[in-house]
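Required output: the full structure, derived from the provided sequences and hints.
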Amino acid sequence: MTGERKTILDIRDLQISLPAGGDRPHALWDFNLTVGEGEIVCLVGESGSGKSLAASAAMRLLPEPHVHVSKGSISLDGTDLLSLSERQMRDVRGDRIAMIFQEPMTALNPQKTVGWQIDEVLRLHTRLNKAERKARAIEILTDVHIPDPASAYNAYPHQISGGQRQRVMIAMALVLKPRLIIADEPTTALDVTTQKQILKLIKELQQLHGTGILFITHDFGVVAEIADRIAVLSLGELVEQGPADQILNNPQHPYTRKLIAAVPALTPPPEKAMSKEPVVLEAKALRKTFAARGGFLSGKRNPVIAVKDLTFELRRGETLGVVGESGSGKTTVSRIVTRLLEADSGEVSIDGRDIISASKAELRALRKDIQMVFQDPMASLNPRRRVVELIAQGPIIQGVPRETAYARARELLSLVELPAAAANRYPHEFSGGQRQRIGIARALAMEPRVIVADEPVSALDVSVQAQVLRLLADLRDRLHLSLLFVTHDLRVAAQLCDKVIVMSKGEIVEAGPTARVFADPQHPYTRSLLDSIPGRGWEPPVLSVA
Amino acid sequence: MSIHIPPLLTYALRRILQAIPIMLLIMVGSFLLIKMAPGDTVDALVGDMGGADPAFVARLRAEYGLDESVFVQLWRYLMKLAQLDFGWSYVYEQPVLTVLMARLGNTMLLMVASLTVAFVFGITLGAFAARRAYSLTDNVISTLGLVFYAMPSFFLSLLMILVFSVKLGWLPVGGIRTIGAFKTGWADVIDVARHLVMPTAALSLIYLAFYMRLMRTSVLEVMDLDFVRTARAKGAGDFRLMVHHVMRNALLPVVTLLGLQFSTVLGGSVVIETIFSLPGLGQLAYTSVIKRDLNMLMGIVALSSVIVVIVNVLTDLVYAWLDPRIELK
Amino acid sequence: MSIPDTILTPPAPPRSLVLWRRFRRNRAAVLGLALFIIVVLMAALADVVTPGDPLRLAGTPLTAPLSVAENPWGTDQLGRDIMSGIFHGARISLAIGVVATIISIAIGIVIGAVAGYFGGRVDGALMRVTEAFQTIPSFVLLLTLVAIFGSSIENIVIAIGVVSWTAPARMVRAEFMSLRKREFVDAARNLGVSDISIIFREILPNALPPVIVFASVVMATAILMESALAFLGLGDPNYASWGNMIGQGRAVLRTAWFCSVIPGMAILLTVLSFSLMGEGLNDALNPRQKK
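Going down the list, the protein sequences come from chains A, B and C.
In case it helps, the UniProt record's numbering puts the first sequence at residues 1 to 546.
In case it helps, the UniProt record's numbering puts the second sequence at residues 1 to 329.
In case it helps, the UniProt record's numbering puts the third sequence at residues 1 to 291.
Keep in mind the hints are simulated off the structure, nothing from the lab.
Glycine included, C-beta positions come from ideal geometry on N, C-alpha and C.
Just to be clear, a hint being listed does not mean it is correct.
On the chain A side, residues computed to face chain C include the following (Cβ under 10 Å) [stated by the list, open to error]:
no., residue
1, Arg339
2, Arg364
3, Ser380
4, Ile397
5, Pro401
6, Val416
7, Arg437
Straight-line alpha carbon distances no greater than 20 Å define the calculated SDA-like cross-link-like pairs of lysine to any residue that follow [unchecked claim]:
no., chain 1, residue 1, chain 2, residue 2
8, A, Lys368, A, His480
9, C, Lys181, A, Leu340
10, B, Lys167, C, Phe118
11, A, Lys360, C, Phe118
Set out below in structure tokens:
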């Protein structure tokens, strides 16, 4: 399949050295990779694998001299890039190799218009005059399907949406029809539906121009969607490489097998008979509007309706998924039911006791029953407190004697599978997954009836994600907990949730048992959401992971 | 999406309106503060005369409205201020405003000169140091910055006077013009400039150090941002990167500081103008304190606050121009 | 192969030790610390090294430095010993620096914390007051306060504290506004922790490091302000002050430069020591990779 293709990028025996004193001497070693004409090669790895540095090396944009290529060669169409002068390399960048970055928000200069930034590429690499450059820029904006390219040309980056910004980045990368595009997690920051469109766009334009693409990602769903060939990187070591089909369905290396096994399958659990269990958490007609701030002096802004007329119920031992894209209001829901945010109207009750109208003292007692696990394991633990204090803090406030609370906290550590030695440490001494376990222990310390989990695994690597999800499910079953699980990731929702509500623009568009909603979505929005799940057509093979 | 037309004027107007409560707060605060002073204008007057009989003192009090309650006096004071009546200075025997206006020009000249020097040299040196971060050049510039920052302006003034006026005789010791020279045209401009060299240097040095350090940090931060990497990936060279992508972004915090610090610079003019006998607001503040001319002091507080507010609005406008993300509507 | 995510890394050394190691590596910061220790020693040993009232006649007026054994750093036009003035002046400068800094940081923390944590109208009102204080040129306000309440050393200290709290307040507010959004604050609220506890026990410890670094700047500014006041003859006349020495030395600048230059250098080096230490502390707290 790849034999006939002309090779564009050829990386051989690449070794990238890290500054002394790091966790390893080389970010990358014995790295061999080729990208052929019209080929999409996915470089897959978890955080810290060195995949982004490989991309920077190809652009010769490593933060030298601290991090530098110490061995090997990188050639583009037969030209050795490492032997070029900086001046010659500048001519290559943007013209023959272009790059697309992860964060479309920060990758564009906020002080320059979209047009100016595309124009800059043309100014640097062509002799076109001003009018020709503008015509070319508008043409490429049209090619990336930006609505109204002429006014987009004059807009500043903050005036267009995230998806549009990524289109602008792609336009900028493609405007000179480069031989090679390096895309570093280009869709990670985007919503699924936008992601799907962007992936489609990249593929479409690549086929049109025969560009080679080195696509860097951590997401096997995206890989399944787009890759011709796959290379898997683990802590600087290239563990496996081969055609997409072979790697996805018959991985050989244990690391690859582990990664693929961690990808949640899209088959929801069978419908459980829940109707006999009592309702624990009930929300009725919730509404929240973020008011326009300020008066006539600071100018008017339109109020934003975050949640309107939201009603749901959660039974004992049940997991209810709240899914939606950014801005759907799903996070607001998690904040309202825990009363971290005041609702404008509506009711939330736990075991029939109203939390919305509770007084300060009543609320303190109610908080015991509804606890939260947060998204960012880095930010959700106070860096100045020891783990045992963090876990025991809630019970102590509830009146449990300090000694009892500390003893219980130590027990909880073993419940979340952390060693007892963790108790006296500070949060920064733990990995992301471990911190999330501490967060879970903190919630459990209150012996709650309901746990609200707000994207608890979205900041974690896939393999860690799977472990934390397994722990949550296990604890739920053992302790008869009810889970309100907020997520943007439908694969995660499919794995864990008995029921889901699908939110869009503050409203529930569809609700029901996960199995039924996934198999037979009724609302067009749900359908487009499900269609957008990357790698939907690929069923991860069932692998035994040693 | 629409074409970005900055409605700068309405924005400026709104910022000025926002400043009104702050100005009011300052006026009320300074008035009440002065009222806390032991002894009022009449006491000072009578003290100057060497005593007077109680009936006369009472009549004077009534004449100045000082027998009324503090709130009535405050109201009157604010009403008068609204009509630009800053009261009467018994030291100068002139309306306060007249005295202030006569000196405003000199202070403004000093301010503009000092801030221009501090800003231009500060950002240039700061950007230069950042480009060569952690090199010898950077270390020398940064250390010098700390020394500048630690140098008391009055001490620097004396050193300069000692070297440039006393020993070398190059520059005049003080004043704004050579007394009795009556120069006109360019000769006059050069004369004033010669008088301003040392005060400007003394006042600007510490701020130069401030802007330099801030600019250095800011440039280093901006150079780490994603869009700079994007520009590199487009094939932009170092010079282009600095001029088009880094500098303008890096200026944002410096401009903010410039606005915030303007009042401090204005305060610094008290010492400098006093040392160099520069007839400006700062020197006036000093003599008013010495002579207990409280009306004048309040006038100075009011006028300098107005100046600060205007400068802040201007820096906000510059900021809005630099940063298109600021919504002007 | 599947490594569980629950194996702990080796324990990290205590934070204070890490900070000290980083600080120690910075030569400029260590120099600052050394200078600071010298100034502290001068203040502590003033009565031992140069006993007696520093304002008394102690030699022939305008003795040059290094010419007479009794007055190694010379004397001023009133025959006062300059070395004695410098040593005793160190006390005044340090005392004023420390107390004024504590006052201004304390006001700044309370106002900044309340404004930053509660936001909304509370923030609006407090920020208007802060802006009002920032709009009046601080030195003019300082002069006014001293003119009204008199120039005793207590008044000067309080006045300096009152005119310099705005910058720390803004800084604390900014820290609080960003920390307030961090999830650990939500987590604490979710456990039922009260607002006061959240402000002072959850957020403040995290907001403090940059404020402590900034305290070095406030301290430096406070010393400069006091010396400027004294230079203008508005300081407390009952104490030896470096600023006052320079102010009086000005009259004999042409003939006896040392009367102003020696105290000038004392101020310069003291303020420099704070800046160097502050810088070093800042680098230790926020290490950059590129080093």
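Outcome of the hint check:
no.	hint	in the structure
1	Arg339	holds (9 Å)
2	Arg364	holds (4 Å)
3	Ser380	holds (4 Å)
4	Ile397	holds (5 Å)
5	Pro401	violated (17 Å)
6	Val416	holds (8 Å)
7	Arg437	holds (7 Å)
8	A:Lys368 with A:His480	holds (16 Å)
9	C:Lys181 with A:Leu340	holds (12 Å)
10	B:Lys167 with C:Phe118	violated (59 Å)
11	A:Lys360 with C:Phe118	holds (17 Å)
Of the numbered hints stated above, those contradicted by the structure are hints 5, 10, listed in ascending order.
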